[in-house]
Amino acid sequence: MSSTPEHKPRPMVDLIVSVILPSVILMKLSGEDKLGTTGGLITALAFPLGWGIYELIKYRKFNFIALLGLVSVLLTGSIGLFELDNKWLAIKEAAIPAIIGIAVLISTFTPYPLVRAMFFNAAIMDVDKIKQKLEENNSTEMFEKRLMKATYFIAGSFAFSATMNYILAKWIVTSPAGTEAFNEELGQMTLYSYPMIAIPSMIMLMAIFYYLWRSIQKATGLTLEELIVKK
Numbered sequence: 002m003s004s005t006p007e008h009k010p011r012p013m014v015d016l017i018v019s020v021i022l023p024s025v026i027l028m029k030l031s032g033e034d035k036l037g038t039t040g041g042l043i044t045a046l047a048f049p050l051g052w053g054i055y056e057l058i059k060y061r062k063f064n065f066i067a068l069l070g071l072v073s074v075l076l077t078g079s080i081g082l083f084e085l086d087n088k089w090l091a092i093k094e095a096a097i098p099a100i101i102g103i104a105v106l107i108s109t110f111t112p113y114p115l116v117r118a119m120f121f122n123a124a125i126m127d128v129d130k131i132k133q134k135l136e137e138n139n140s141t142e143m144f145e146k147r148l149m150k151a152t153y154f155i156a157g158s159f160a161f162s163a164t165m166n167y168i169l170a171k172w173i174v175t176s177p178a179g180t181e182a183f184n185e186e187l188g189q190m191t192l193y194s195y196p197m198i199a200i201p202s203m204i205m206l207m208a209i210f211y212y213l214w215r216s217i218q219k220a221t222g223l224t225l226e227e228l229i230v231k232k
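Numbered per this note's numbering, the sequence shown spans residues 2 to 232.
Note that these hints are calculated values from the structure, not bench results. We treat Cβ as the ideally placed atom computed from N, Cα and C, and that holds for glycine. Hints should not be assumed to be uniformly reliable.
[To be verified] Below are the DSSO-like pairs computed for lysine-lysine, each with C-alpha atoms no more than 30 Å apart in a straight line:
1) Lys-59 x Lys-134
2) Lys-93 x Lys-59
3) Lys-171 x Lys-130
4) Lys-93 x Lys-132
5) Lys-171 x Lys-93
6) Lys-88 x Lys-29
7) Lys-171 x Lys-35
8) Lys-35 x Lys-59
9) Lys-130 x Lys-59
10) Lys-146 x Lys-132
11) Lys-29 x Lys-132
12) Lys-171 x Lys-146
13) Lys-35 x Lys-130
14) Lys-93 x Lys-146
15) Lys-219 x Lys-132
16) Lys-219 x Lys-150
17) Lys-146 x Lys-134
18) Lys-171 x Lys-88
19) Lys-59 x Lys-88
20) Lys-150 x Lys-132
21) Lys-134 x Lys-29
[To be verified] Simulated DEER-style distance windows between Cβ atoms:
22) Tyr-60 x Phe-83: 57 to 63 Å
23) Ala-208 x Ile-54: 30 to 36 Å
24) Lys-146 x Ala-199: 37 to 43 Å
25) Ser-202 x Ile-54: 31 to 37 Å
26) Gly-157 x Arg-215: 42 to 48 Å
27) Glu-145 x Ala-124: 32 to 38 Å
28) Leu-85 x Lys-219: 47 to 53 Å
29) Lys-132 x Arg-215: 15 to 21 Å
30) Ser-108 x Gly-51: 46 to 52 Å
31) Pro-177 x Gly-157: 22 to 28 Å
32) Gly-51 x Lys-29: 27 to 33 Å
33) Lys-29 x Ile-229: 44 to 50 Å
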């Protein structure tokens, strides 16, 4: 009997496969004397697409963010291969984080809020102990308010990402789709999006999660060691 291997984050591998290699291919190998416009675009998109599919198949775990990433790559490829107006690239770049942000907000009206599922779950934290302490300290209502505030902060971080993605795409990608210049600009946009959008968004999310940690500690009086599930 074979078991599904545990997924371990590999940020450097993700960065190289999904950002650096595709960007280099688009900027340096899309000339007619090399891979050509279409060949360069297909080769560049094959890396993040193949990596995403590999991760999904190997770990057999539905990942909403990974799925959106695959959809994003396929849409980018379609815009370039079918030579659509590059305004659709800016719309697509903004749409993906916007969808995530909207999903975070909508989930608060369902029995399964995404922020609670990501952060306040039994796989990471001793949920039963936390709930007991919240009731003992009459802090349940205060904690729920802070959890909702964190939800708005996270939705705001995705709104920032959507806005910056749109601006970056409109600013950098100005050449018609299907041209060598379009591929080069697409590579530049991919590279610039990491320091200008991905890293600031990551810092925002880390600050929000820290805010939630502190909120739970304040509401329950438990230490970090007492909050974490013992494995």
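Okay, the hints, checked on the actual structure:
| no. | hint | result |
| --- | --- | --- |
| 1 | Lys-59 x Lys-134 | violated (39 Å) |
| 2 | Lys-93 x Lys-59 | holds (28 Å) |
| 3 | Lys-171 x Lys-130 | violated (50 Å) |
| 4 | Lys-93 x Lys-132 | violated (41 Å) |
| 5 | Lys-171 x Lys-93 | holds (11 Å) |
| 6 | Lys-88 x Lys-29 | holds (24 Å) |
| 7 | Lys-171 x Lys-35 | holds (27 Å) |
| 8 | Lys-35 x Lys-59 | violated (33 Å) |
| 9 | Lys-130 x Lys-59 | violated (34 Å) |
| 10 | Lys-146 x Lys-132 | holds (15 Å) |
| 11 | Lys-29 x Lys-132 | violated (56 Å) |
| 12 | Lys-171 x Lys-146 | violated (38 Å) |
| 13 | Lys-35 x Lys-130 | violated (61 Å) |
| 14 | Lys-93 x Lys-146 | violated (33 Å) |
| 15 | Lys-219 x Lys-132 | holds (13 Å) |
| 16 | Lys-219 x Lys-150 | holds (16 Å) |
| 17 | Lys-146 x Lys-134 | holds (16 Å) |
| 18 | Lys-171 x Lys-88 | holds (7 Å) |
| 19 | Lys-59 x Lys-88 | violated (35 Å) |
| 20 | Lys-150 x Lys-132 | holds (19 Å) |
| 21 | Lys-134 x Lys-29 | violated (58 Å) |
| 22 | Tyr-60 x Phe-83: 57 to 63 Å | violated (32 Å) |
| 23 | Ala-208 x Ile-54: 30 to 36 Å | holds (32 Å) |
| 24 | Lys-146 x Ala-199: 37 to 43 Å | violated (30 Å) |
| 25 | Ser-202 x Ile-54: 31 to 37 Å | violated (24 Å) |
| 26 | Gly-157 x Arg-215: 42 to 48 Å | violated (19 Å) |
| 27 | Glu-145 x Ala-124: 32 to 38 Å | violated (21 Å) |
| 28 | Leu-85 x Lys-219: 47 to 53 Å | holds (51 Å) |
| 29 | Lys-132 x Arg-215: 15 to 21 Å | holds (18 Å) |
| 30 | Ser-108 x Gly-51: 46 to 52 Å | violated (30 Å) |
| 31 | Pro-177 x Gly-157: 22 to 28 Å | violated (34 Å) |
| 32 | Gly-51 x Lys-29: 27 to 33 Å | violated (20 Å) |
| 33 | Lys-29 x Ile-229: 44 to 50 Å | holds (46 Å) |
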